[in-house]
Amino acid sequence: MLLNQFLVLAAVLFCIGVYGVIARKNGVLVLMSVELILNAVNINLVAFSAMTDSISGQVFALFVIAVAAAEVGVGLAIVLAIFRTHKTVDLDQVDLMKG
Amino acid sequence: MIAVLAAAAQNADAPVYVAQNVAFGIIAALMVFSAIRVVTTANVVHAAAYLVMVLAGAAAQFILLGAEFVAITQVMVYIGAVVVLFLFGIMLTKAPMRGEEFARRDQWLAGLFTSVVLFGVLIYGLLDGFGRSKIPQDLQPTLTGEVSDSIFGTYLLAFEAISLLLLAAAVGAIVVSKRD
Amino acid sequence: MPASLLAVTTETYSTPVLDWHALAPLVILMVTLGLAIIVDSISARRTSTVLPNLAGLGMLAALIPVLTLAISDDRSRELFGGSFVVDRFSLLMSALFLVAGYVTVLLSTNYIAEGDYHEGEYYFLLVASVAGMVFMASARDLISIFVALELLSIPAYLLASWRKRTQTGIEGGMKYYLMGVFASAIMLYGMSLIFGGTGHTRLVDVGEALHGSFGSEPIAVIGIVLTLVGFAFKVSAVPFHNWAPDTYEGAPTPITAFLSVASKAAGFVALIQLIFVGFLGRDDVVRPMMFILAALTMFVGNVIALRQTNVVRLFAYSSVAQAGFILAPLAVVAADDPAVLSGIVESMTLYLVAYALMNLGAFAVIIAVSRRTGTGEMDSWGGLFSWAPALAVTMAIFLFSLGGIPPMLGWNAKFRLFDAVVSAGTASAYTMAVIMAINTVISMAYYLTLVRRMFVDDAPDGDHTPIKVPVPLVAAMAITATVVVVAGVIPGPLSDLAQSATLAIAG
Amino acid sequence: MLTHAWIIPLIPAISFVLILAIGKKLPRGGSEIGIASVAICFVLALTVAFGWVSRVNDGTPPEGRQSSQSYLITEGHETRPVTEADAEAENGTDAAAHGTEAEATSTDHEAEATESTEATATEDEHGTETSAEGEEGGEEHHATSAVVRDMTWFDSGGFDIRVGTMVDGLSSLMLVVVTLISLLVHVFSTDYVAGDRRYTHYFAFLSLFTASMLFFVLSSSTIQMIVGWELVGLCSFALIGHWWEEKPNSDAALKAFLTNRVGDVGLLCGMIILFFAANGSFDIVRITEMANEGAIRHSLLLIASLSLMTAVMSKSGQFVLHTWLPDAMAGPTPVSALIHAATMVVAGIYMVARLYPVFFEGLSIGTGNINALAIMGSVTLLFGALLAFVQSDIKKVLAYSTISQLGYMVMALGVGAWTAAIFHLFTHAIFKACLFLGSGSLAHHIHSFDMKKDMGGMRKVMPKTYATFLIGTAALMGVPLVTAGFWSKDEILAGAHMLGGGGDGYPFAIVMGLLGAICTCAYMTRAIWYVFFGEPRGKSAEMELHENGPRIVVPLMILAFGSIVAGFVNIPDGSIPWPAKWQLWFEHMVEPTGTYFVATNPDFGHPSFLPWVAVVSFGAIVVGAGAAYLWYWKGLGPHGITERNRFARAGYVVLEKKYGLDILYTDWIAGGVKGPIARAAYWINQNVIDGLVNLVGRTAAKTGQWVYRYVDQGAIDGAVNGSGATASGAGEVLRKTQTGKVQTYGSYLFVGAALLAAVIVVIAS
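Protein chains in written order, with this note's numbering: chain R, 1 to 99; chain L, 1 to 180; chain A, 1 to 507; chain W, 1 to 765.
Hints should not be assumed to be uniformly reliable.
Unchecked claim - If you only want the chain R side, here are some residues facing chain L, beta carbon under 8 Å, derived:
#1 I22
#2 A50
#3 A81
Since the hints were made in silico from the structure, they are not lab data. What you are looking at is a predicted structure, and each value in this text was computed from that prediction instead of being measured. For every residue, glycine included, the Cβ atom is placed at its ideal position computed from N, Cα and C.
Using the sequences and the hints given, assemble the complete structure.
Okay, structure coming up:
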């Protein structure tokens, strides 16, 4: 197997995720898109780990997974609080402060 | 997606890996398709379901790469916990299940532009840097003990920090999301 | 196949040797965290004094091992094979984070107690974030840096969202969180590329590997740039700054101070470690990148700051601009010139310390003033001198220091930045010095505008009754103002500290 | 004593702390500490001065680091022939000191000298050059270099920033002047502000001011000068606003402070330029020597001196930035005498004199016929004098007179007459302090300075004040031969006529100087008329007035005495019979002869006594004073012309409106900002800060607005959106461009990262 097939897959996922975080209205969906990006990173890390025969990549990926779980928890809490105060999860409508 | 297939096709002359390559190709195609649906579908619950597909596909790729422990963790943490969190989030924010007006922002073209630029830069770099690198032929599944040795050896402190991090995140998330 | 399996399993696990002295600051912070949770849950009524005192004392207690480490003979202690290093640089920075954390506690005491916020969790998260920063100061490994970054950031996201009942409060937190997550995603991708190319996560190994064939690939450049972008976000460099004004405005003001000082300093610490330990082999990448970032950051921050009418937003843009100043020396990094390198680290370290003190002090005054005015609009600062002369004079000291007017500490620090830049002696270094000079003058304009408001304008409502400033705020102002003035007049000791820190990382 | 001069500023600094700490508990509210400390300082200053005089006389450098290391050129000092010292050469007094001072480097290294000079690097050569052979009489003459004693302030990262004291003729002179005036002002104040509610606070700040000023004049490095400069500004701010309860007073204090800040920016810029120009040194000796040796590019020196001139403009009240000085008269009168007439305002002059080689080379003073410094001084001296005409407040008259006299000093420096400038600084400090304290004495009981409304006929009730005021006025006018002002002003005018390139001097400067002299005489005559002659008016008529007590009168007498005798320390040869030994004694003692001064520059010269200048300036007195006399005493002349003649009225209005500067500031620039804010506040608002914002900021703000609106908010968003949005159209996209959206920020972040990566990939490979 070529290393690049994994890397390109990861790059594609990464860019889809980037599109998602910019283009989606719903805060929850933005968070899901972030997960796509983080998964792309993980694929990179594990592929490199296999490639260089270094265990650190897999450990790195595990840490990323753990942190991602924490981030999602925090993110959903914030989106929930947004929903309470703004009655919407459309991030475009959360723009009181500007300039 | 085409780029992925092209990359896979480049390697078609290596007969030994036909099985893996076919598996990779199918899973990759599935993942890319699901990922696109995650960011385009109007139905939030569908998006979560597609996300599960992507996550599961990633787990499968990890197995292809011999990282079984990571794959299992991926399934447990992501599909088991994170997606459930997402579903709770969807439920609590009472998102409409259907409705085109919720699909994308007016500025979605900015997103497209951004991701295309980023993709161009990344692909150029990747093809240039790792163009002919191959995964070692005698790739073995990594032993879980080895992973744990590393975590509890070199990365012990980071591991402890992660535990603190999860505690802080949980405490804080409860306070912020609590209705009071 | 069995052979290779065997080969893997024969690597026996050996317990890592722990140097408890080196870990003591972190351990003390962890113990403080545990105590905070226990105290918070057993105390029936929410006492307003126990928790802040506990958090403050915990940070001061953590300073003790920092000091004992500083005077011990070991100039550098390496744990986990060099991925956790306690040297003078990390000690100085740890001390900075702990002091900044302590001052933040002082700033928060009355603000949080009077504002109907959750107190126990607030201090818990504050200490957790400081623990992440202290960890960051010693982390010399991609994974450790990543984990430390998240440990300091995630509590900070939550703290920034602490005014969750108000629309602006939660909006600020959301923007900080999302931008932070985006930035860390970019950074992770960059780190994965660097790991992939070098096969190492330890910065020293990365540095060596970058000298090899991988170092010359474009993908290495992309990896370095993306990794550094993650921290450029943290220090609010343009174009990754947009979160800062909104978040600063929305967050509780003590947290704004904390973000603009400690969190930013942590970003710079990570930048310094990454660049000087890891990426020095590609200084040709770091130089143009930092040049672009620093120049953009100074100009955009200063120019937009001129148009602000809200004091907190003014300080947000001011802190963006200040970040540009601190970035400027990195634009002249030259791997083959040790004198320039040490000058860069020294001036950045010194400026970070100076900036932390002046900005925290300024925010202490802002909090004290807004306790009465209840708003951050600059009009409400009119005539401050007539009803709170001490506050006005203190604020003027900080503003002068930020603007770089002698004999305040900020002047000396800014001067060292100039010198570090100029000493590189290249054409781009001179260009950067000119850019810095122009921006110093621009920044003077809005600092002096605020001074004018305080001293010349009339109080908007004609109300000249004096105000009462709580003791913790007075303490915070006294500490910072004293150091700003005294260290401005006698800059020797601080410079020496910064110099010894330099030797550790650049020398 | 010369190496221990650091004690002198220390004493009032300690006194400041002591007064603040225990002053309130003392029977005299802390004033005794202040007086005692300043008295000690005065004695010490005299000791320093005597030490310096004996050093010049015997040429054996007693102690300390010598200041004559050649930085670039270390060998090959050719002894220059005596070309320019024409006047002195014949006289045989001290030609060699100026002409052929030549670095006869008999460097007998008394290496270690003092403990403080920790021999760092190249400096500290302890070279003590002495004795260049004079030409006449085999008499030995010496290039007496300054006694510099310094220590490392901080030293890290290759920086060695040093602080210390630099004692030479100039700084010794300033020590004496500052401590003398300060002592007299202290004594005067014990009566003048007796019973004030902030009596102790007042003396504490007087002490702090004295300490700062002494610190400033003793500076051995430019950084120290900056600090001293700021400190005296701070004290000035605190003392102008001494009665801050009254709004105009605190406004005036702020105006002074903020106007000075504008100049401080110039000072900082100039000093930083010099720092880098001198290869990273703040050392005054080093900077000046390098400037002298041509080791600094001329363009750098030019920029530096222009920057520093901004500082002079604000601190020493030169035209355009002078407006704070008259307003500063809101402070207590002794403060005006000490700070705003005799000492602090000459800080700018002192700074120029101290760094003279920088200006001399930078502005080509020696070879040109016109330069910025001379123009600034000339314009200021005339305009200030004209403004003094229309004031009815006697302190404002004196304030504008101070501006005018400062203009003379700046002009003198501008034309190259260094000694004349410093001499005038010296005499002016004495007679202007006399005048200010006299005005304080006048107003002590009536509490009014308005000479048209509240004074008149005061010569009868206050004979001693009258006499001393008259003597001070005579000195200010420059009454020939007997007053100090004559000798110093005459020397300036002679310098303006003689010095400079091409032999025709500075024609513009001398014309302005003579016109200024006429005006000076006229406005002072006018003031005398209003105050002392005629019938008592207003408050002075209502109240029973009597002469003030000895604590007020004695300082006046001392200063009046000084106003006469001070001139005789620098009697030029060829003027009046005077012992040769004492001719030009001041010049001999005060003017530096070391390598850090321009004395060896062939373009640097000294004016000789010109009888016709003396005659013309006497004529100016006669014309000015006579016209005023005729006008006021005899009632001659077209009185009421301002009512009848359009041009005369216009002229008067222009003056009364202070050339419309304030109108410009308040009405035109402010554009109709009216209201209860005091005029000073207007000015600060509209001019200083906004001026700054206007100059550097307004353009930047405009750019900012533009960048903000069109680039930050418009173009990027628009470009990002518009790149694909052909369908909806660019206008539609721009209309929808909004802010505060986190995902827009996100797109900046990702695009920024991608483009940055792309750009760097291109740059770095």
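These are the hints, each one checked on the structure:
{"no.": "1", "hint": "I22", "in the structure": "holds, 3 Å"}
{"no.": "2", "hint": "A50", "in the structure": "holds, 4 Å"}
{"no.": "3", "hint": "A81", "in the structure": "holds, 5 Å"}
In the structure shown, no violation is registered for any of the earlier numbered hints.
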